[in-house]
Amino acid sequence: MVKATQRKKPNITIISDAKTLNELKKWADLKGLSMNALINEVLTKNIFFYRYVSEHDCMIIPSTIYSNMIDVLPEKTLVDLVNRIINEMVQSIFLHNNISYTLDNMVKFYFENIGMWSGLYNIFKRYSEMSSTNLVFEHKYGIKWSKIIAQSISSLLKETLNLSSEHKILPSTVILQVGKR
Amino acid sequence: MRGDPKFSNKTNITISVDGQIGDEIRQYAEKQGLSTNSLVNKILKDYVMFGKYFQDHIPVVIAPPIFSHLLGEVDEKIWIKSWEIALGQVTPEVFAMHNLEPSLDNLVRYLLGDIGSRVGIFDKFTFHGDDSENYKLVMVHKYGIKWSRVLATSFSNMFVKAFPVKVTTQVSANTLTMEIHKK
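Residue numbers (the numbering used here), protein chains in the order written: chain A, 1 to 181; chain B, 1001 to 1183.
If you're looking for bench data, these hints aren't it; they were derived computationally from the structure. One or more of the hints may lead you astray.
Which residues of chain A face chain B? A few of them, derived with a C-beta cut under 7 angstroms, are [stated by the list, open to error]:
#1 Glu23
#2 Asn40
#3 Val42
#4 His56
#5 Cys58
#6 Met59
#7 Pro62
#8 Met69
#9 Leu81
#10 Asn122
Computed beta-carbon distance windows for the label pairs [said to hold, decoys possible]:
#11 B/His1128 / A/Asn134: 55 to 63 angstroms
#12 A/Leu95 / B/Asp1056: 39 to 47 angstroms
#13 B/Thr1014 / A/Asp29: 17 to 25 angstroms
List time: in silico BS3-like cross-link candidates among lysine-lysine, alpha-carbon distance up to 30 angstroms [stated by the list, open to error]:
#14 B/Lys1081 / B/Lys1166
#15 B/Lys1031 / B/Lys1142
#16 B/Lys1077 / A/Lys144
#17 B/Lys1081 / A/Lys140
#18 B/Lys1077 / A/Lys45
#19 A/Lys26 / A/Lys108
#20 B/Lys1077 / A/Lys147
#21 B/Lys1166 / A/Lys45
By construction, the Cβ of each residue, glycine as well, lies at the ideal position given by its N, Cα and C atoms.
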């Protein structure tokens, strides 16, 4: 049923129902992608993220509910919780996929993808200056969440990569300036 | 468009898969006892069903031990109020997105049956319905009595607000049983 060749970009032939394929085609057109690119994006997201979500029986909660939780919980409690969320997910995914701990991999596999897919922020950008790298996280949860994200991600960088960082926070944005070792 | 797969017939497509993803997919399928074809189809169907909604709304993903902690820390009334607001927003959007009638049957089968267990609200969902649209729903989860009560109140209020029904619930540590009767 499935034929794949052992090339760098192998082909997979699948048999799928027309309804699913038509929906995918519509969404690929909306995003300005080829269907092949969309399917690759979907499969990558599944392998790197939803497999973890499914294997760990994770809860997926609407952002409205999460926003209310942020309002009522003390900052310290939230920092502890987010530290756990991030650390557990990073460790599991990096180990499972045999990814080494470098800043580039952290950006590529966590900040640009998993961190965003898990709902901690919705936009991530990275830019480099002479002696530092700036990581920018945008979200929709207000200044309290900016403080929490700043502390938790600083702590992640310190614990996993031994990198120190300074942060600037705004109501919907966190800028982390990471010094080069 | 360049990069679009070649359709050999209505439902047969060939895609070029990036780097290690093809191998990962094959290994994951094998681990689950599925063919690669079945797994890829399941992933694509899930994407069609949920992917766009998740892309637009960016829900938050939380591992069970952390969710249990969060559940314990926050007052039950706040959980119930939050769920009522969320259900009020999510339900019409999901029905509109999939072009479904907002009927009692679709709410039970689709919102709870398809979506509820996939997003981890409960681990197992079963229901029995009769021709008069009376239902008995059973939800099994791992989060204790407080979660049973939160779900019981939130879902009961959702059903009662949307339809002329009477809802009775029974809660225990990991199970919620709900009976819905048309008035």
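So, going through the hints one by one against the coordinates:
no.: 1; hint: Glu23; in the structure: 4 angstroms, holds
no.: 2; hint: Asn40; in the structure: 5 angstroms, holds
no.: 3; hint: Val42; in the structure: 5 angstroms, holds
no.: 4; hint: His56; in the structure: 5 angstroms, holds
no.: 5; hint: Cys58; in the structure: 5 angstroms, holds
no.: 6; hint: Met59; in the structure: 4 angstroms, holds
no.: 7; hint: Pro62; in the structure: 4 angstroms, holds
no.: 8; hint: Met69; in the structure: 6 angstroms, holds
no.: 9; hint: Leu81; in the structure: 6 angstroms, holds
no.: 10; hint: Asn122; in the structure: 5 angstroms, holds
no.: 11; hint: B/His1128 / A/Asn134: 55 to 63 angstroms; in the structure: 57 angstroms, holds
no.: 12; hint: A/Leu95 / B/Asp1056: 39 to 47 angstroms; in the structure: 31 angstroms, violated
no.: 13; hint: B/Thr1014 / A/Asp29: 17 to 25 angstroms; in the structure: 19 angstroms, holds
no.: 14; hint: B/Lys1081 / B/Lys1166; in the structure: 20 angstroms, holds
no.: 15; hint: B/Lys1031 / B/Lys1142; in the structure: 25 angstroms, holds
no.: 16; hint: B/Lys1077 / A/Lys144; in the structure: 22 angstroms, holds
no.: 17; hint: B/Lys1081 / A/Lys140; in the structure: 20 angstroms, holds
no.: 18; hint: B/Lys1077 / A/Lys45; in the structure: 35 angstroms, violated
no.: 19; hint: A/Lys26 / A/Lys108; in the structure: 28 angstroms, holds
no.: 20; hint: B/Lys1077 / A/Lys147; in the structure: 26 angstroms, holds
no.: 21; hint: B/Lys1166 / A/Lys45; in the structure: 42 angstroms, violated
Of the numbered hints listed earlier, those contradicted by the structure are 12, 18, 21.
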